[in-house]
Structure formats: C-alpha cells, structure tokens
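Trainee: Please take these sequences and the hints and turn them into a complete structure.
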Amino acid sequence: MASLDRVKVLVLGDSGVGKSSLVHLLCQNQVLGNPSWTVGCSVDVRVHDYKEGTPEEKTYYIELWDVGGSVGSASSVKSTRAVFYNSVNGIILVHDLTNKKSSQNLYRWSLEALNRDLVPTGVLVTNGDYDREQFADNQIPLLVIGTKLDQIHENKRHEVLTRTAFLAEDFNAEEINLDCTNPRYLAAGSSNAVKLSRFFDKVIEKRYFLRDGNQIPGFPDRKRFGGGTLKSLHYD
Amino acid sequence: MSFLIDSSIMITSQILFFGFGWLFFMRQLFKDYEVRQYVVQVIFSVTFAFSCTMFELIIFEILGVLNSSSRYFHWKMNLCVILLILVFMVPFYIGYFIVSNIRLLHKQRLLFSCLLWLTFMYFFWKLGDPFPILSPKHGILSIEQLISRVGVIGVTLMALLSGFGAVNCPYTYMSYFLRNVTDTDILALERRLLQTMDMIISKKKRMAMTRRTMFQKGEVHNRPSGFWGMIKSVTTSAPGSENLTLIQQEVDALEELSRQLFLETADLYATKERIEYSKTFKGKYFNFLGYFFSIYCVWKIFMATINIVFDRVGKTDPVTRGIEITVNYLGIQFDVKFWSQHISFILVGIIIVTSIRGLLITLTKGMYFVSSVLLIRMSMPLEYRTIITEVLGELQFNFYHRWFDVIFLVSALSSILFLYLAHKQAPEKHMAP
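Chains as they are written, first to last, in full-length UniProt numbering: chain B, 1 to 236; chain U, 1 to 433.
Since the hints were made in silico from the structure, they are not lab data.
As the structure is a computational prediction, the values presented were derived from the model and not from experiment.
List time: in silico DSS-like cross-link candidates among lysine-lysine, alpha-carbon distance up to 30 Å:
| hint | chain 1 | residue 1 | chain 2 | residue 2 |
| --- | --- | --- | --- | --- |
| 1 | U | K284 | B | K78 |
| 2 | U | K203 | B | K206 |
| 3 | U | K284 | U | K272 |
Short derived list, chain U residues pointing at chain B, Cβ under 10 Å:
| hint | residue |
| --- | --- |
| 4 | K205 |
| 5 | M209 |
| 6 | E255 |
| 7 | A270 |
Ideal Cβ positions, reconstructed from N, Cα and C, are used throughout, including at glycine.
Mentor: The structure is reproduced here in structure tokens:
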C-alpha cells in the first residue's frame, strides 16, 4: 500500500559530511544529538505540503533515504547499495564545505545513482568521468547542500561559496549552504526554506503530474495519491 | 674521501625515501580527506625515510657495499635519530592532538600534552623492569636501554601480527574455504532488505503524522532531556507521545535488522566475487601460493611450539636447513649459503608484509622496523650477525626469540579459534528462513 504513493528522494554524499544530521533536521525539525556512523541505509519521512498556500495544497510524504558509505568502497558494497537506487524521484547531494574532496566526489556519487536507473533503457557510461551532457537530459531533480557552514572562517567564505556555486551549476541544480546543528538556517520563510520547498514541489510534480498539469493516469480511481488529508489515512 | 661519497649516497637515498613516504601518504592513506595539519605528514614521512634507511643498511651489510666504517657510523646515527623521534616526538604529538580534541582542556593544551607525555615515559620505563634486559655495564640513559624497551613492544606487536597473518593468509587465499553462493540467495536477501525498509517507512509515516497532529493541536512534544525531564515525563505524558515511544522502539528494532541484512548482503556479494576471481588464471595462481604459504605457516607454528616446549633457541634458519636437506638428497651442486640468505630474507619479508595488511594507520611504524631488525638477525647466517651485535650492544637476543615464539603461538592459536567460530556461524544464518 505504501508503495503506491511513494516519493523517494536519495541523500548521497561522502562519509561524515552530515547526511544523517541533515535528514534528522529536515524530518523532525530538531538537531541530532548523537550522530553516529550510518551502516547500510537509514530512512526518514518528511511531511510536505505541496503547493503550500494555494488552493491546490495537498500533503505528501517524502521519504528521505540516507545511504551511507564512500565512493571508493569495495565493489561488493557498491552492488549492495545499488538495491536502494531503484525508482528514485529526486536526489539530494550533500558535501562538506570544509573538505574539497567531498565536493569532487559528488560527481561520482551522482553517476553511481543515475547509472543504476538508466541501465535498462538509457546510455551506459563506460568510464566514470564527468560529462555535462549526462546531466543535461537528466529527468531527476537534484539539489546540492553544503554543510558545516559555521566552520568556515569569515574571510574564506566568499571563495568557498563561489566554488560551490559553480558546482551547483554543473549539476543544473539549486544549492543550499547551512549548518546542521542550527535550525535557524531552515527557518520558515528564509530563502533556504523556500528553495527546499521548491525542490520538493518539483520532485512531486515530476512524479505525479504531467507537463500540462494533469495527474498521471494508470492507477485505479479508488486509491488516492499522496498522503491525502488527515481523514483519508488508511495505512497500517 | 670514500666516507664523503658514502655519506652522499646515504643522504640521497634518504631524501628519496622521504619523498616516497610523502607521496604514499597523500595518495593512499589520505585519498578522500584533506590534510589539515601538515606536521603529521612531515613526521610520517621522516619516520618512513629513516626506517627505510635502516633496512637499506642491512641490505648493504649483506651485500658488502660501501666502506665498513662509514656503514657503522651511519648505523649509529640512524638509530639515534629514530629513537629520538620514536620516544620523544611521536608520543608528544599524539598526546597533543588527543588533548586538542577535548574541548574542555583547549586552553592549556601544551601543559596537558606534556603531562600525557610524562605519563607515557613513566609507563615506558616501567615496561623494562620485569624483562631481563638490564646489563650491569651500562648506565640508565644509554641507547641499549631505549632499544631494549622499544624492542620489547615492537616484538610483541610483530609476533601478534605474524601469528594472525600466518593463519589469515591461507584462509583468505585458499578456495577450499569459500562457501557456495548463488544468485537466488542474493536476490532473496535483497528482497528481505527492501521489505524491512518498507516496514520502517510505514511506521515512520505514522509517527510523522502523529507528531504533526500533536503540533497542530498545540501539544508541543518535547523529548525528555536530562534528569528532571525524565521525572516530569513520568507524571505528565500525553497519550500521543506514549504511542510514539512504542512505535519508536519497534522502529529501532527494525533498523537494527536492516543493518544486519545489509551487511549480510554485502558479505554475499564479496563471496560471489571471490568465487569468480578464483576461477581466473590469477586466482588459481594465488590459490596455489596460498597452499604453499599455509604449509610454511603451519611449520612455523610447529617450530614455535617445539622451541617453547623443549626450551631451545633457533640457531639455524629454516630455509638453510631445507636447502641442505634438498641438496643432500638430490646431490646437486648448490651454493647453499648464497641462496639461502636471499630466500630466507624474502620469506621473512613477505610474512611481515602480509601481516601489515591487517595493520591500520599507526604511528608505531618506527617500532615495527627496529624490532624487525632484531628479528631478521635470527634468520641471517652467523657471519652477518656480528655487526648488528656490535652496534646494538649486548642485548639479550635469546630472550627476544623466546618472547617472539610465545606471543606468535598465542596469537596464531587465538586467530584460529576466532576464524573457526566466524566460519561456523555464517552458514547457519543463511539456512534460517
């Protein structure tokens, strides 16, 4: 039942950049008190109001899949990770602003996740080099988030932010820079919160609505899409 | 004149080793991270350079390159520098970095790291008391004292590692131990994993919706923090939050299960890859090597037991004995001495290297090399032992051999036990539905 209306967003990034803290902050609006290593995959759920403030507002559940590990893992670990990349609707790429290598590894992360989805029908990439064309026709919305902003010294901030702006442009994605231990970066109404909301709206749109605004047909009419309102909850 | 030439050769090789250590550090060890403190990298490269130089000096000793007196001088100098780094600088820096990580003591970093270092020195000194290494001729601060202590620690480490390596090496390489894994096994496990994730998700959805309802109704759900919070939550607990804690517990159990399943799947994939690898040509070659090594390792364990039981010290090295026997049996003209020293050298080196594979990044590389010098002496024919004895003074070498044998045996036996248990446990997990 839960698989009918799933909106699945992957959270990818190197070890230790702060994915678990970020996911905790996004889903429970609280700072994670005791971060520890993620083994395998940990999932959390965010309740999101699609098109908030408009008459078409609807509530959806967004699953945030936080996949642990590093790009240089053994190929057995990579094969195991690949099972989580099925039917993904959006990807959040997380990197550490104090560690340049984690930003560079994002290209490999995105290729790993996207290749998995494209393999049956799309182009097979032979080497792992970055190629902008792959991202040009990519249908899955991406978002780049940089963490540990508080640890960047004031006078280095400008150059770091320029670098990350280039990175986000390469992915054709929006970017957010924050500190996961401080909820004020995602306070309601701030520009970060708006970008986040827009990203989730885009993900839901791509999944459930065609370009002209109609809902994707193919499911029996009895079952409703998304989380619906409080009254129509039928989950166990 | 020849002294200058020799010195310049030594110094160039040292610089080469330093560069190599630096590169190794950058490429291998710190591939995915950015180096923030360059001091660490410098110390690592310097230690690496001097250790390699010592190794190089031994090789020169065997091959008879360079002038004898200049070799002696370089030995002494190298040894002094390595001991200096090992006993003074490295522990101090370790202590310094540990202390800087603790936020409370940040202000008086230097003071606390000095204190830590003094404690380390005290224990280091105390280490020497129960062992019979003090000889009445030399004073307290002589080189022999330091070397003997470093030697004890290093020999222990090496024996532990070689014991583990001697057992692990055949286990990893031989395909006899590989379990049979089919694709359906992997698929079944993956399906279980995804089902568990689905269950976790549905529970979390319920929790998220409950939390949102409570928030909208005005009950702010505060997680009980601290002692008073817990006492308060006992008396005033809303029904919603009780439900939440129940579901949270279920979720925790499910998450633990998902982790287990993930690790098992990764394990199965790894085994499958090893099976495929063993069918290739390279795999078969390593398999054969594995058999050969396992025999050598079993022989070593056997010899260690005999040495302890019969209270004997290894005088001749195994390879010389082996070659003597072969030569006498086959009647071939063979320059025993020449080949045996090379082969035994290489074999000892290989065993040490394969046991390094289990070694993580540690800064005790220096200790490792000093003690390997002491032990290589055991494998070298008699003539070449003289110069090492001359330099290192009258250390009780017999003691080291005995100590090595004991620790080697203990480590090998415990790793056999450990691997046996691990091997037995794995197939049972897969049989359960």
